[in-house]
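A.B. asks: Chain by chain, the residues:
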Amino acid sequence: MEQLLQHLVNGLVLGGTYALLGIGLTLIFGLMNVVNFAHGEFYTLGAYAAFGALALAGLPFFVALAAAIATGALLGALCERVLLRPLRRESIDTVMLVMIGVWIAMQNAELLVWGGVARSIPHPFPTAPLTLGPLNIAPLRLFVMAAAAGLIGAAWLLIQRTRLGTAMRATFQDRDTAALMGVPIGRIHTITFAFGSALAAAAGALLGPVFLAYPSMGDLASLKAFSVVILGGLGNLAGATLGGLLLGVAEELGAGYVSSGYRDAVGFVAIILVLIFRPAGLFARAERIG
Amino acid sequence: MIVRALLAAAALALVTAPAWLPSPYHLHILIMAGIFAILALSLNLLLGYTGQLSLGHAAFFGIGAYTSALLALKLEWSFWLALPCAAVASGIAGWAIGRLALKLRGAYFVLVTISFAGVISLVSINWMELTNGPLGLPGVPPPDFGPWSLRTKRAYYYLVLAAAAFTYLVCHRLVHSRIGRALVALRENEPLAESVGIDGTRYLVLAAVVSAALAGVAGSLYAHYTRFVSPEVFLFTYTVTMVIMVIAGGQGTLLGPVIGALLFTALPEALREAVAWQWQMLAYGVVLVVLVFFLPRGIVPSFERWQRRRAASLR
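Here the protein sequences come in this chain order: G and P. So in our numbering, the last one in the first sequence is 539, and the numbering has no gaps at all. So in our numbering, the last one in the second sequence is 342, and the numbering has no gaps at all.
What the hints contain is simulated information worked out from the structure, not anything from laboratory work. By construction, the Cβ of each residue, glycine as well, lies at the ideal position given by its N, Cα and C atoms.
Covered stretches of chain G, as calculated for chain P (at least 3 residues, CB under 8 Å):
1. 340 to 346
2. 508 to 522
Restraint ranges, calculated between C-beta atoms of paired labels, are given here:
3. T426(G) with R132(P): 17 to 27 Å
4. L254(G) with L219(P): 55 to 65 Å
5. R338(G) with W175(P): 50 to 60 Å
6. L294(P) with L254(G): 52 to 62 Å
7. E300(P) with F460(G): 30 to 40 Å
8. L290(P) with L379(G): 50 to 60 Å
9. R229(P) with S465(G): 32 to 42 Å
10. R31(P) with L461(G): 52 to 62 Å
Far from chain G by the CB rule (all over 10 Å, computed), these chain P residues:
11. A40
12. K101
13. A192
14. Y195
15. H203
16. S204
17. G224
18. R229
Kindly generate the complete structure, drawing on both the sequences and the hints.
C.D. replies: What follows is the structure, given as structure tokens:
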């Protein structure tokens with residue numbers, strides 16, 4: 250029982266960051282129709298930006314986090330303007346190939362800059378775990394969970410409560426009508442991609458200190474983000490949040506009770522099963538995907 | 028006319044390659060190009076003729092490699108029995124994935140194929156008793172041909188060349204048959220094709236099975252050539268390399284994947300001498316982006332168009 254609770258808590262820590270990744274991707278995928286295989290690379294970018302700001306520039310931890318998020322947003326905006334905007338009329342497969350190219354190029358650029366050795370990112374939290382009854386949780390993990398929850402809340406407010414969010418939702422529902430109503434589609438696309446990339450970078454900067462930063466860390470992050478999007482349904486923010494938490498908990502339980510070697514298989518199996526049996530996602534009220 | 032002469036010269040050059048290539052290293056590159064040509068041709072059946080992108084193609088390659096290596100090592104089967112078994116095992120995997128995933132299209136099909144490759148790769152790492160885990164299976168025996176062992180690079184080159192020619196013929200026959208026309212019809216307009224009585228799922232699954240089986244053949248050839256199989260055969264890099272070869276050469280053409288395979292096996296080796304290895308994969312990514320931007324239809328279709336235009340201006 251205590252073990253189960255411990256697994257659940259660990260799963261929620263992981264799940265919070267998966268939710269961040271998933272929300273970023275579900276916005277990009279749903280709104281722009283871009284199958285963004287480079288999403289995990291923005292996660293890697295976030296981890297390395299935090300590492301660079303902390304270990305090389307000597308910035309305080311929270312400033313480094315903000316710097317990592319800003320780096321993700323900036324590079325995301327650049328990527329959209331340079332590569333995606335000229336291809337907006339191309340087929341989804343063409344754009345997907347370009348994003349695969351970006352993925353390979355970014356990952357190997359990171360390998361070039363930082364080398365293949367895994368880096369540990371320093372953090373100011375005490376390493377002794379907090380004990381809450383039967384549970385042990387490291388203060389860093391608690392902070393990761395809280396920060397992820399805060400960012401998810403901020404994303405939700407942005408999408409649901411602001412003028413910009415309304416424009417984004419309108420673009421998702423019907424791009425042409427939104428354009429006719431005066432929504433600047435080009436700018437919405439840039440902002441969406443930058444915002445999604447910033448969330449991925451935030452996930453990387455938060456999870457980097459928990460684990461390690463290494464150049465290929467984004468591969469699994471991409472696949473997990475896709476699992477979350479598929480679990481939650483395309484363009485479904487609440488679905489992505491729930492899907493992320495679900496995936497994190499399922500992985501923890503799978504690693505704890507089945508086999509730690511197959512931890513990463515949970516996401517793969519989730520993709521296969523959900524796409525075959527419930528292609529609209531677990532939480533969809535209506536069919537969204539043709 | 029010129030094209031015919033060029034093709035004949037290229038065929039002659041390939042058949043006589045061991046005689047004029049300066050070193051075994053160059054022959055090795057050509058052998059790898061041959062194996063990749065089989066892979067690219069098999070991927071092209073799906074990507075080029077049905078329009079469905081399989082990003083799990085390395086799984087079929089790896090299943091073929093492991094099947095062949097395990098049969099040769101554990102049961103001491105001859106290569107000539109292990110090779111068709113590898114094709115059958117990969118073909119069955121292709122059938123299963125086709126049946127399950129070809130209800131989906133586009134990005135969703137891609138995701139299922141990636142996930143399938145991910146699961147298979149994790150199995151190869153974790154099923155220690157069967158696959159020896161990350162350590163891999165060393166000592167896969169080279170094939171015999173009657174009393175001769177195909178241990179030398181020169182002999183193996185002709186084996187791979189024959190297999191590549193066989194694959195090309197299979198693809199040629201398939202594409203120019205009723206089945207090939209049905210696949211193209213489905214790619215261009217699925218509802219219209221189905222309305223004239225083409226069973227979409229059946230033909231797509233058939234293409235997936237043939238494609239996977241051919242990738243399995245390539246896996247078997249790879250295993251008995253390098254004589255070592257490890258979970259690295261499932262690396263996503265292999266899949267990406269195949270995709271680049273098909274797109275760059277020209278998807279939906281028969282010659283395109285072959286030219287792509289030759290070019291993109293030789294290019295990294297040429298880059299290896301010019302730039303440090305870290306830059307190679309970076310360059311790969313950039314080349315892929317540039318190709319999509321400037322040569323979206325690939326080398327062979329662009330060449331054909333140029334030929335037609337020249338012919339028209341001469342007339």
